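> Residues per chain, in single letters:
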Amino acid sequence: MDRAEATGFGVAVAGHAALLGVLSMGFANAVQPPLMNAPIEVSFVDEVGLESTVTEISTEPPAQSVAPELGAPEEAAPEPAETPAPPEPAPKAAEAPPEPKPVPKQAVKPAPAKPAPAKPAVAKPKAAAPSGKANETKGSSLGELLKGIGSDPSPSKSVKPTGAVMSNQAAASIGAAIQRQIQPCADRQVNPGPGANRIRTRVNLRLNRDGSLAARPKVLGQTGVDDGNSRYAARVADLAIAAFVGCSPLRGLPEELYDVPRGWSNFTMNYKLPG
Amino acid sequence: MRVSTYLKTAAASLLLLGTSAFAQETQPPADPAAEQGGLEVDVVGGISAPMPIAIPHMPTPAFANTAAGNTEMLGRQIAEIVTADLRNSGLFRPMDTSALPRVSYPQVTAPDFGFWGGSGAQALVQGFVQANGNGTLTVGCYLYDVLAQTELARQGFVVQPAQWRRAAHKCADAVYARLTGEGPYFDSRIVYVSETGPKNRRTKRLAIMDQDGANHRFLTNGQNVVLTPRFAPNQQTIVYMSYVNDQPRVYVYELGSGQQRLLVNQPYMTFAPRFSPDGRWVLFSMSVNGNTDLYRVSASGGAPQRLTNAPGIDTGGSYSPDGQQIVFESDRGGSQQLYVMNADGSGQRRISFGGGQYATPVWSPRGDNIAFTRIGGGGFRIGVISPAGGGEKILTEAWQDEGPTWAPNGRVIMFFRTAQGSGKADLWSVDLTGVNERRIPTPLDGSDPAWSPLLP
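Protein chains in written order, with this note's numbering: chain F, 1 to 275; chain Y, 1 to 456.
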């Protein structure tokens, strides 16, 4: 390389460097175009909604609404039920205590629960449920007074909820809400032995509208049970139930999605130990 | 002496039934969609730690004096034994029994879940002690899941007052088995060699005790050195090696009568005996003209049958729980290694291939593992290996651990540990997972332990 070539090479390098610098400054000072729409948060659901979640339009007229109760309005709602009586003196060991009577979920008249000597705490009547008649006010508002007024009574008996549908997004949201409430109790369950974490337990859960258990959790089945961990299978099923029961009743779940298809009145929990 | 046990059923009249935690059995709206394609929630959670458990003192329905003390005192002691058993397993963290509230007799079957739920305990063991008119005791044992607020198990035991500790072990076994999924093992015994005296002139006696060290007694007087005692499946017979007149031979000891007899009447050294799972045979080693092989002989004696014939030393035989196979150690390949063969001696194959030496193999009562002593790297360690030869795992790390024996449930291994320098030996146990090493209390030094099957 002679002197002229070296000089030319140097000038070319310097020129490229200068050009790179100018372009870099231009990019740095470029003004971002304003966004057409403000960003929104999105949540991902596991399943793609293959069915419309648009509110289903029912051609069936709604059932006729009737006034809550005939008779003079009262000042206040009555007490939901009698307070359970204090437990009887504890029975002798040879006697079987009376089983607490099941209380109908939507009892028209909340019968006072029979006191259960062994477990007064869990034998509380469910009369305080929102659907219970005892909780309804009596004829104090105009809307209530107008109910049932009409010359052409509706023959329909439809009790279909008006417009509540469990979308995949809502299902994911409710699933997350349930999981969050159960997690503290799940985290307290003790792994019984090596390989127990391979077992996945499916538990059917039936809830009341107030989030309490309506029936004993039912183990639907287990997967991942093998020769090495089969001795722990029954215990893992116990843990699944204990995890749920320990943190029930569930709170804050949307009532309108209680007994719709895929609603939270009846759902499945898949429980597994970590690892 | 046999303890009469009976599992309570709903038809049994003795104990009352705890009520269901689910007072309302209402049926929500039928929803076929929930069964198929319904809402599903995934929950993953749990911890690997000892389970917190509460075992309050057991009340008595009526104070009564018995040959073992009054029923109130027995209720306290039984709760403490259950507590100790569960704590020693390493899988439970019992709360301090003396700090727990007093439980009344009616509460035994109707626990105050409100209180226990806030106590930190996940499981609750309650029970009672009752003196019966015929001089026996009834011990009731109830297990509750505090979080689920349900009863998990109940058992009742009728025992002679002198056997009250066994009722406590049975109660602990019921709790352990229900909460861990493992088989029970607390109601079992240990036979071992009790040692005392200077290093070069040790007195070695056979001794027997409960698995927790209680009810200790010596079986032999120490006149002759004894080694390697092993239980028969009936727990009433022990086979062992003794140097009578400086002749090492296999003997049989009957616990009931205290009588001993020579098992194999041969002019050769016989050693390393072990019963077959059905109790009909005794496997042992015999040295004939410098060659040691495995033999078996009827438990009542007679002519031995030879099972191996390889040159070298074949010894330490142990049957699989189904009696179909035998694991043993052999130096036929140059160093002591583990081999498995069929019970008739056919199909011999090597299963250990690690460095150093492998000795004293013992087949797990569960059948899924073989425990052994691994010698090498400057120490003796206890390990396990699968019967097919894979999954070797060393469980202990000390200067000299040897002579493993399995708990009846195949989850715990006992062995003896010799201290460097002093040569003093002690009995220890370790969980199959390699944790919870624990020294077993013995009045003197101890070696060569053998765990009994579960007592009936």
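Simulated from the structure, these hints should not be mistaken for lab results. Since the model is a prediction, treat every value here as computed from it, not as a measurement. For every residue, glycine included, the Cβ atom is placed at its ideal position computed from N, Cα and C. Hints are supplied without guarantee of correctness; some may be wrong.
[Unchecked claim] To give an idea of the chain Y side of the interface with chain F (calculated C-beta under 7 angstroms), a few residues: (1) V41; (2) D42; (3) G45; (4) G46; (5) I47; (6) S48; (7) G181; (8) S276; (9) G279.
> Just pull the numbers of the violated hints for me, sorted ascending.
8 and 9
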